[in-house]
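Q: Line by line, the protein sequences give chains X and P.
Going by numbering that gives the first Met the number 0, the first residue of the first sequence is number 0, and it counts up by one from there.
Going by numbering that gives the first Met the number 0, the first residue of the second sequence is number 0, and it counts up by one from there.
One or more hints might be untrue.
Any copy will do: because identical chains look the same in the list, a pair fits if it lies in one copy or spans two.
[Said to hold, decoys possible] Dumping the calculated EDC-like pairs for lysine to aspartate or glutamate here, alpha-carbon to alpha-carbon at most 20 Å:
hint	residue 1	residue 2
1	K28	E140
2	K28	E1
3	K28	D132
4	K28	E79
5	K28	E16
6	K28	D58
7	K28	E56
8	K28	D13
FYI, nobody ran anything at the bench for these hints, they're computed from the structure.
Please read all numbers here as calculations on a predicted model, not as lab measurements.
As a plain string of letters, each chain reads:
2 protein chains.
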Amino acid sequence: MEQRLSMVTLSVQDVAETRRFFEQGLGWKANNFESDDIVFFQTGGSVLAIYSRQALERDLGQAATQSLGAMTIAWNARTESEVDEVFSQAMRAGAISVSRPARAFWGGYSSHVEIPGGHLLEIAYNPFWSIDDAGNVTIPEGT
Amino acid sequence: MEQRLSMVTLSVQDVAETRRFFEQGLGWKANNFESDDIVFFQTGGSVLAIYSRQALERDLGQAATQSLGAMTIAWNARTESEVDEVFSQAMRAGAISVSRPARAFWGGYSSHVEIPGGHLLEIAYNPFWSIDDAGNVTIPEGT
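Make the full structure from the sequences, and use the hints.
A: Below, the structure is given as structure tokens:
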């Protein structure tokens, strides 16, 4: 089993609301697949999906419980000032501040917001991880 | 804000248990960073983290509710038979079957398992999405 992930799916009550956050708020571009139940964003070599909770429960044949923080997604900035900028952008786009940008105990600079739909997004700068021109993150060996 | 994700974090009660599932069960290789609270797996251009719920709650300053299905991660196979193989491998590694491999309404072949730690992993074949040699998934334009 190759060591990779193909997709992360955020299950939300209102797909259109969360889609607006990413498209209009953050300037991301969704795939032009037309569905009220799901929207896809290409994120490097994997995909972020926003999926209606009702549809997910139909797939699973069981209830999916709401959560905040049981799983989080993170977006790493290239600099600390970019953390501040993207945090502000997320606020303007309708996110709720959970922890404002601040020095983190692990040596980085980090913030958390709750995005529309009720999931946690960390916006952080990690001085120990490299980010290439394409945005790929690499954990250095031996750290 | 570049359109990408840097990290997906699964918050779990027992980091060692979930780490064993990925390392010993699925054959993945963790970064050799030593901590009881967190473990990192390089997954292409992003990172999968397994993080102790207690530590996450300390970071957030608030409780993180348990969930099953509010967010899911997916691993796409290259063939239907590979879905069967990886599903079986996950079962042997201690996952719980939520939906066995079967034809999905969207035209693919899909299964869901609950991994140790209580998160949902979809194991699927999607004939409409391409996977390159490095494992990167691409959504075709216009679909």
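Q: All hints, please: hold or fail.
A: Against the structure, the hints:
1. For the identical chains of this complex, K28 and E140 are inter-copy neighbours only, at 12 Å across copies versus 33 Å inside a copy, given an alpha-carbon limit of 20 Å.
2. For the homomeric pair K28 and E1, the shortest alpha-carbon distance between copies (10 Å) is at most 20 Å, but the shortest distance inside one copy (28 Å) is not.
3. For a Cα distance limit of 20 Å, the shortest separation of K28 from D132 inside one copy, 19 Å, qualifies, whereas the shortest one across copies, 25 Å, does not.
4. For a Cα distance limit of 20 Å, the shortest separation of K28 from E79 qualifies neither inside one copy, at 25 Å, nor across copies, at 30 Å.
5. Only within a single protomer do K28 and E16 lie at most 20 Å apart by alpha-carbon distance; the minimum there is 15 Å, versus 37 Å between protomers.
6. Taking the shortest alpha-carbon separations for K28 and D58, neither the intra-copy value of 26 Å nor the inter-copy value of 31 Å comes in at or below 20 Å.
7. Taking CA atoms no more than 20 Å apart as the test, K28 paired with E56 passes in neither setting, with 27 Å inside one copy and 32 Å between copies.
8. For the homomeric pair K28 and D13, the shortest alpha-carbon distance inside one copy (18 Å) is at most 20 Å, but the shortest distance between copies (37 Å) is not.
Checked against the numbered hints above, the structure breaks hints 4, 6, 7 and satisfies the rest.
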